[in-house]
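S.K.: Sequence:
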Amino acid sequence: MYFVVEQWKLINLKPSQLGPNYQQNIEEMLRDQVEGHCTAKYGYVVCVIRIVHNDMGRVQDGTAMIVVNVKYQAIVFKPFKDEVLDAIVTDVNKLGFFAQAGPLKAFVSRNSIHPNFVYDNDGAYPCYTDGTINIRAQSEVRMRLQGIKYDNSNMFAIATINADHLGAFESDSQTYNKLV
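In terms of UniProt numbering, the numbers along the sequence shown are unbroken and rise by one, the last being 180.
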């Protein structure tokens with residue numbers, strides 16, 4: 001799920017960024033370019049821990065930019081298929097619900113929810129309920145990932161809660177029932 005990885009990245013600096021703040025400028029540019037981005041190979045880059053090594057910069061012909069090859073360590077979040085995660089429900093509709101687990105957005109289809117749960121749109125908050133447990137916005141759920149898709153800055157997954165030890169935490173449903 002969370003890993004420390006070492007990677008190389010080419011950083012382009014303007015000539016005005018050379019001088020006493022050279023190393024600081026490299027670190028700022030590196031953080032801006034990699035933190036918060038996502039790749040299928042490494043997952044979502046949470047933060048850069050440190051710069052391990054940077055090669056001597058080279059002047060790029062025609063642009064006068066200084067290109068520096070930087071080796072760095074970063075913490076990445078990479079979920080895998082069949083991994084179980086805790087998430088917060090963000091939206092509930094008749095087709096299922098959306099949940100967020102850090103940078104991962106997941107959809108749980110109606111078919112992936114236990115058959116005892118029915119969609120209830122009568123109250124102030126739409127929810128899935130089995131009479132004792134409610135799954136609504138801001139509920140905590142435990143889900144199993146069935147598939148993951150990566151793009152430049154997002155991760156999206158399809159998940160299920162239709163198995164043992166998965167679903168809403170009962171403490172949430174008790175709090176919700178006291179409010180209603």
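Calculated from the structure, these hints are not laboratory results. For glycine and all other residues, C-beta sits at the position ideal for the given N, C-alpha and C. Some hints could be false.
[What the hints assert, rightly or not] Under the rule of at most 35 Å between Cα atoms (straight-line distance), these lysine-lysine pairs were calculated in the DSBU-like manner:
#: 1; residue 1: Lys14; residue 2: Lys81
#: 2; residue 1: Lys149; residue 2: Lys105
#: 3; residue 1: Lys94; residue 2: Lys149
#: 4; residue 1: Lys41; residue 2: Lys81
#: 5; residue 1: Lys94; residue 2: Lys9
[Claimed, not checked] Quick list of simulated restraints, FRET-style, between CB atoms:
#: 6; residue 1: Asn69; residue 2: His114; range: 46 to 56 Å
#: 7; residue 1: Leu10; residue 2: Arg142; range: 51 to 61 Å
#: 8; residue 1: Ile49; residue 2: Tyr125; range: 36 to 46 Å
S.K.: For every hint, state whether the structure bears it out.
M.R.: Against the structure, the hints:
no. : hint                        : result
1   : Lys14 to Lys81              : violated (42 Å)
2   : Lys149 to Lys105            : holds (10 Å)
3   : Lys94 to Lys149             : holds (23 Å)
4   : Lys41 to Lys81              : holds (14 Å)
5   : Lys94 to Lys9               : violated (45 Å)
6   : Asn69 to His114: 46 to 56 Å : holds (52 Å)
7   : Leu10 to Arg142: 51 to 61 Å : violated (41 Å)
8   : Ile49 to Tyr125: 36 to 46 Å : holds (41 Å)
Checked against the numbered hints given earlier, this structure breaks hints 1, 5, 7; the rest are met.
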